[in-house]
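All chains, please: the whole structure from these sequences, using the hints.
Chains as they are written, first to last, in my numbering: chain U, 601 to 739; chain B, 601 to 739.
Fair warning: there could be bad hints in the mix.
It does not matter which identical chain is used: a pair holds within one copy or between any two.
[To be verified] Think about it this way: if two alpha-carbon atoms lie no more than 25 Å apart in a straight line, the pair counts; the simulated DMTMM-like pairs of lysine to aspartate or glutamate are: (1) 654 - 641; (2) 602 - 618; (3) 705 - 618; (4) 604 - 624.
The set of hints was computed from the structure by calculation and includes no laboratory data.
Number of protein chains: 2
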Amino acid sequence: MKLKPIAVVRNGIRGQTDDWDVVESRLVFEPEYVPGLEGLERFRHIWVVFGFHKKRGWVAKVHPMHDPSRPLVGVFATRSPTRPNKVGLTKVELVGVRGRTVTVKGLDAFDGSPVWDVKPFEDDIEDVYGWRRPRRKKT
Amino acid sequence: MKLKPIAVVRNGIRGQTDDWDVVESRLVFEPEYVPGLEGLERFRHIWVVFGFHKKRGWVAKVHPMHDPSRPLVGVFATRSPTRPNKVGLTKVELVGVRGRTVTVKGLDAFDGSPVWDVKPFEDDIEDVYGWRRPRRKKT
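What follows is the structure, encoded as structure tokens:
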């Protein structure tokens, strides 16, 4: 399947940074997708699905937390970006929506990363739309 | 960006169903990706990133919860599958890992859907790897 970027990340960050949690990023949307943003501002948290556009290749086993003292595990048992499909997935704080720009805090994506999707955080959906999921038994 | 399926969903479900929460699905992995599954069985919940492979096109505005009595909102303010990139994202219960098959419960994907990625649920990472995130202020 081919993905088309709906937006691009702008945050000026081009290398590893210590604390992504404090980074503010602007997601600058392609004009055709801007009508799809209506109502997004009601959410406090959203998921951003984006591309690790600087990564090439993948490895089957990695050290969790980039910590070489930890035994190797499968890459799917980690959030490492060295995965077969370069899809990043991060829950971020929504700072604001203005025109074609969605500003978020806590996105661990480099400047220029393509954005594939944004989705409201599921717990906020209940609050925003006043709809409550049937309660599940704790599993 | 081009995505390559790492696995395919097998659950026999070919049309809308009432309660996806109870559906068990097998994610049948391509052999080359099986080494990447090592250690995944330690998690109770995982994210599945998959393709809405039967959907075509997208719409900018939808009724939340498929409820026509609710005012239209932008598609990005919902989880509707009628989005520009057909990427589904669901947190599921991990039932088990055996060989090339990962069995999960609660995945809202039709039989035959391509799987692009699986990632451990972030809260479980702390438990599994005994690592605790620096505590953030509630925002």
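task = Find the hints from earlier in the document that the structure breaks and name them by number, from lowest to highest.
result = 1 and 2
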